Amino acid sequence: MALAFGALFVALVLCALAAPLWADLAGRGPEATNVTGKIEVDGRQVDVVSLDGTPIGPQWRSEYFLGADANGRDVMVRLLYGARNSLLIGIAAALLTTILATLVGLLAGYLGRWVDAVARSALDVIWAFPVILLGVALATALAVGGLQIGPFTLEAGSTAISIAVIAVVYVPYMARPIRGEVLALREKEFVEAARAQGAGPLRTMLSELLPNLSSTIVVFAPLMVANAILLESALSFLGVGVVPPAPSWGNMIDAGVERLVTAPHLAIVPGAMLVATVLALNVLGDGVRDAFDPRSRASWGARRP
Amino acid sequence: MTRFVVRRLAQMLVVLFAVSVLTFLIFNVIPNGDPAVRMAGKTPTESQVEAIRADWGFDDSLPVQYVTTMEKVLGGSAISYFSQLNVRDQIVEGLPRTLSLAVGAAVLWMLAGVALGLLAALRAGRLSDRLLTVLALVGVSLPVFWLGALASYYLGFKAGWFPNGGYVPLTEDPLDWAHHLVLPWTVLAILFIGFYSRVLRSNVLDTMSEDYVRTARAKGLSERQVLLRHVLRNSLIPIVTLWGLDFGAVVAGGAILTETVFDLQGVGQYAAEAVGQLDVPPVLAVTMFGAFFIVVLSTVVDIVYAILDPRIRLT
Amino acid sequence: MTSSRSFLSAVVLALAAFAAAGCGDSDDGGAEAGNSGGSMTIAQTSQPDALDPALAYTSQSWEPLWVVYTPPLTYRHAEGQEGTELIPGVAEALPEISDDGKTYSFKIREGLKYSNGKPVKASDFEHTIKRVLNLESGGTYLFEGIEGATDFIEGGDPKADITGIEADDATGEVTITLTEPDGTFSNVLATNFAGMVPASTPFENQSTKPPPGVGPYEITESVPNRQFTLSQVEGFDIPDVPKGKVDTITTRIVKSTSRQAQDVIGGKLDYMQDPPPTDLLAEIKASHSDRYKDWPTPSTYYFFLNQSIPPFDNEQAREAVNVAIDSTAIARIFGGRLKPSCNVIPSGIPGHEDPDPCPFGDPSAAGDVDEAKRLVEEAGVGGEKVTVYANNDSNRPQIGEYYTDLLNQIGFDADLKIIDGAIYFNTIGNEKTKAQTGLAAWYPDFAHPGSFLQQFDGTAIQPTNNSNYGYVNDPEINKGIADLLKEPDVATVADQWAELDRKAIEKSYLAPYGSEELTTFMSDRVDFDNCSLVHPLYGNDYTSFCLK
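Protein chains in written order, with this note's numbering: chain A, 1 to 305; chain B, 1001 to 1315; chain C, 2001 to 2548.
Note that these hints are calculated values from the structure, not bench results. Be a bit skeptical, because a hint or two may be false.
[Claimed, not checked] The list that follows gives simulated cross-link-like pairs (lysine to any residue, SDA-like), each with its CA atoms no further than 25 Å apart:
no. : chain 1 : residue 1 : chain 2 : residue 2
1   : C       : K2385     : A       : A246
2   : A       : K38       : C       : S2186
3   : C       : K2102     : B       : K1072
4   : B       : K1158     : C       : E2283
5   : C       : K2107     : C       : S2186
6   : C       : K2209     : B       : F1058
7   : C       : K2385     : A       : T159
8   : C       : K2268     : B       : F1058
9   : C       : K2417     : A       : T159
10  : B       : K1158     : C       : K2209
11  : B       : K1158     : C       : H2288
12  : C       : K2209     : B       : A1159
13  : C       : K2268     : B       : G1166
14  : B       : K1158     : C       : V2223
15  : B       : K1072     : C       : K2432
16  : C       : K2373     : A       : I161
17  : C       : K2268     : B       : K1072
18  : C       : K2432     : A       : I161
19  : C       : K2373     : C       : G2361
20  : C       : K2285     : B       : K1072
21  : C       : K2417     : A       : L88
22  : C       : K2118     : C       : A2167
23  : B       : K1158     : C       : K2385
24  : C       : K2268     : B       : P1169
25  : A       : K38       : C       : V2369
26  : C       : K2385     : A       : A32
27  : A       : K38       : C       : A2167
28  : C       : K2285     : A       : S207
29  : C       : K2432     : B       : F1058
30  : C       : K2417     : A       : E63
31  : B       : K1072     : C       : V2223
32  : C       : K2373     : A       : G27
Just so we're clear, the structure is a prediction, and the values are computed from it rather than from any experiment.
Using the sequences plus the hints, can you model the full thing?
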């Protein structure tokens, strides 16, 4: 079952990548408005957006496959481009989290003493904030002026900021188990052997410990992506993630919620996609965990805030 | 035992300090630009910005700034420049609403999560177990704001079974209070039920294969007694600590989405609205108090856990 | 004044145009019928910009404040043309104006008291105006014509005296001297900014503790972002100003117009200030027409084009925008509640003339994207980055998205920035923001074309709380406005105002797209037929509300 869902996720990613192809098929991009356009339905010319502002529902053909939104944009096209944004941010953030968490976990676990103490305090501190609140706080703080780290400037409202915020928030989630693993592995014979052979800490960490962490990392990966995608959609829903007109499932839901009476497809469709993607990742994560490490501390399913 | 408690408390103080420093950094230092302008929120006049700069000490050195910020936030004198209201008062006002949401949801998800988890564990491997697993996974994958919006519209407005959002104080009308909270409780709980049922299921299965359980069975205790006296109690211990932490997280502003969708006007929504208005003092205060609450709560939980499970104290 | 949403009822116009558009309703919305007493709960979508009369400058705040603070003069509480008539408020009678048009004098009514029981004094008037000037209110420009006003502002000392205002507490007489004659000054004396407050009122934004005023209601509770409550004032008595029929009116701030509309349908809310969302409009018109009505307003909705910075410092670039806009598309986003037009002065205000043809194409026809593309290229601004500003109330984000996409289609590199409704106008009105273009709307402060053209008056530009979002500074227009404003009888110079309007449009100083139609939607607790007076300037009149 896990493999099936894994395949589903891969299929979703491929669909997202194929977004421009679909856009060509549908004849418009994700931000191309068409408020006064008409299309042919059953031989009649129908307004894409009616005179009182109601958009058409799913047409099940290349143009307006899933209908139009209040600005006449193609929902399917936006869905796919939204997938791109949401998946891009989710995967990039998860990747960044993995890198940071592995780094911190490895250094803290192996080097011990004050490095460990500092690292654990830092992790505790970040862990103390409810995920969504921290995400919102960081996004708000950076909303006006952006972020400057040395020579790098991240523009306010850019994707990079979203990725950075989401990545940081989830570091403790992964770093603690990794640290735990490292603590356990540190005492094993092969590490002793390497040290005896004169390997320095860096070599030991890279060539001995890291490979053994791979199973833990792999087990966590799908869950981190799921968490990141959910957090991104929550931030976008609140207006501090991906801002319109760029599509993201979160901000599509935000706009769609305003139209539940006349155009429920606008809120239901992106939500369903979100659920499907996160579910696929969760099932995949479950399966991976069962396969690699049934007793792992990777939580069952993505944790909520 | 006392040594453990003392050590844990000391740790707590260190983390609290670190949390306050981090919050301070997030809002006043890390972002680009002038913190006084940022804090003034809606574009104010020069004189207003200067006043804020002096009030919060942005021209002073960082440590002095930190102390000033702590004084204002913890001392309760921080005001929002947008609404002219005292931030701490607003938080105190929103607290009963957030607590109403959190407590109700927490009880619901605990009961439901344990019940479903136990059920799944007892029928491990069979169809009903698989079904429950799928349900749990779906529950954990649902975005709460989406679920909440749909529930609020279809069950609230369209079907009319529930009020369409809003909050009625408990003291005003307990029945109405509960009526307004049923949907928010359910929506918020669904998120956790899935997770908790799976954790419990896993714990129960693990515990059931432990030696002492086999011993108990061998001693002739009925299956039910084994279940209740040994298995469940030991499976619940880790859950209780998790539960404490999650509850803390919800109170500390983690319910921001549920509150916003149902217009409950609790602490989380207060922060969310301030976010929209780029109003820094409330977000800063909520973040800091929220984190404090969690740290304190997790310390309490750790201590309780140590009382329940002596093995922990030794680490 | 600026309005991000409903309200600001149509300003009455002196001419038939408005009568034809809006007065078909023979119903007198303010009739005597209906019970007194009871309480109503109403909703606004965001916290009003201020509940301090010196600072409040949007329709959201003017609607409640009109029935709380009475200026020296006020407007008759009637619909249509009748509602534009100036009547004495706190003053005993309409002011005496000197022959040279520079001196206005009036006398405070005897025995008048504030809602806290304290007597109203003539010297309170100067204090009221000083607050407007000292707090750097958006209404400052209205009072700068008073002698000594600019000195007072520059001096920065709240205790200083404004030489042009003389008051005698013993007799209750107030005399105001202007530096130049100003044909709109009587209307200025009727704006909410002149709503009298006691001389003890601090020089600070009092929105959370609104000062006492003279009016049928007082604000007894104000919790920003939550609600504020108006309660009837015992003993309020000014001729021709209704006392109000409902005991208390609680305004709740509810972010979602969907929820507001749903609550009005369900009877949990008695009235919503904003129009129902497009999503529910069709249903409401079909099933609840007995408690819903819409009415045209003399408003101008437009995109401002900041000409102090690129790319819209280039006239062809601005023209391109005007050529490309499709008002009918925006009308759909409004759910049909928009009347396309290409004027600055809207239908219903003297000085409105339907240009024939509109310089950039018929507003009811589609825009010409190709021609616009050509203009952009010719202007050499193709590919330039543009940030479009929009607020987040009701349908504004969508309009912003439409406009952003349009700009991209015609060759710019546009993106959208959405700002919370409560701080939007402050943001685009601050020179530091350097907003290139975005959404704006104007409802008249009073029934006078000057109120509209003033948005394009170069001399009215302020560094903060600016309303000339386009930073338009055309000496011809500045002079035209200054000259025409001196004219006391607007009807005689209406055509000259129309000329100025044409000039502004021809140079694409803005990109107008139409006038909004607003709504009144109430629960069935309200006696809708008799108690829903729509005032041309202030929207729904709270003093007319009554329950069945």
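Consistency of the hints with the structure:
This hinted pair checks out: K2385/C and A246/A have alpha carbons roughly 16 Å apart, not beyond 25 Å. Between K38/A and S2186/C, the direct Cα distance comes to roughly 51 Å. Violation of the 25 Å bound is thereby established for this hinted pair. Of the supplied pair hints, the one linking K2102/C and K1072/B is violated, its CA atoms being roughly 51 Å apart against a limit of 25 Å. Between the alpha carbons of K1158/B and E2283/C the distance comes to roughly 13 Å, so the proposed pair stays at or under 25 Å and holds.
Distance restraint check for K2107/C and S2186/C: the Cα-Cα separation of roughly 14 Å lies within the 25 Å cut-off, and the hinted pair is therefore satisfied. A threshold of 25 Å between alpha carbons decides the hint, and for K2209/C with F1058/B the separation of about 29 Å lies outside it, so the pair is violated. Distance hint between K2385/C and T159/A is fulfilled; the C-alpha atoms sit about 18 Å from each other, no more than 25 Å. Restraint check: the Cα-Cα separation between K2268/C and F1058/B comes to about 47 Å, which exceeds 25 Å; the hinted pair is violated.
Under the criterion of a C-alpha separation no larger than 25 Å, the hint pairing K2417/C with T159/A is consistent with the structure, at around 15 Å. For the proposed pair K1158/B and K2209/C, the alpha carbon gap of about 39 Å is over 25 Å, so the pair is violated. Taken as a hint, the K1158/B and H2288/C pair is honoured in the structure, with Cα atoms around 16 Å apart against an allowance of 25 Å. Between K2209/C and A1159/B the CA atoms are separated by roughly 41 Å; this puts the pair beyond 25 Å, and the hint is violated.
The hinted pair formed by K2268/C and G1166/B meets the criterion: a straight-line CA distance of about 11 Å does not exceed 25 Å. For the hint pairing K1158/B with V2223/C, the CA-to-CA distance comes to about 31 Å; that exceeds 25 Å, so the pair is violated. A hinted pair counts as satisfied when its Cα atoms are at most 25 Å apart, and K1072/B with K2432/C does not qualify at roughly 29 Å. The suggested pairing of K2373/C with I161/A is violated, with an alpha-carbon distance near 34 Å, which exceeds 25 Å.
As the CA atoms of K2268/C and K1072/B are separated by approximately 40 Å, the hinted pair breaks the 25 Å bound. A threshold of 25 Å between alpha carbons decides the hint, and for K2432/C with I161/A the separation of about 24 Å falls inside it, so the pair holds. A threshold of 25 Å between alpha carbons decides the hint, and for K2373/C with G2361/C the separation of about 15 Å falls inside it, so the pair holds. Pair hint K2285/C plus K1072/B does not hold up; C-alpha atoms about 52 Å apart against a cutoff of 25 Å.
Restraint check for K2417/C and L88/A: the C-alpha separation of about 22 Å stays at or below 25 Å, so the hint holds. Restraint check for K2118/C and A2167/C: satisfied, since their Cα atoms lie roughly 18 Å apart, inside the 25 Å limit. Distance check on the hinted pair: K1158/B and K2385/C sit about 45 Å apart at the alpha-carbon level, beyond 25 Å; violated. For the given pair, K2268/C sits about 16 Å from P1169/B by alpha-carbon distance, which is consistent with the 25 Å threshold.
At most 25 Å may separate the alpha-carbon atoms for a hinted pair to count; K38/A and V2369/C meet this at roughly 17 Å. The suggested pairing of K2385/C with A32/A holds, with an alpha-carbon distance near 18 Å, which does not exceed 25 Å. Taking the CA atoms of K38/A and A2167/C, the gap is about 66 Å. The hint is violated against a cut of 25 Å. For the proposed pair K2285/C and S207/A, the alpha carbon gap of about 72 Å is over 25 Å, so the pair is violated.
For a cut-off of 25 Å, the pair hint linking K2432/C to F1058/B stands: about 21 Å separates their Cα positions. Among the hinted pairs, K2417/C with E63/A is inconsistent with the structure: their alpha-carbon atoms are about 29 Å apart, more than 25 Å. Taking the CA atoms of K1072/B and V2223/C, the gap is near 21 Å; set against the 25 Å cutoff, the hint holds. Of the pairs offered as hints, the one joining K2373/C and G27/A holds, with about 20 Å between alpha carbons and a cut-off of 25 Å not exceeded.
Hints 2, 3, 6, 8, 10, 12, 14, 15, 16, 17, 20, 23, 27, 28 and 30, counting from the list given before, are not met by this structure.
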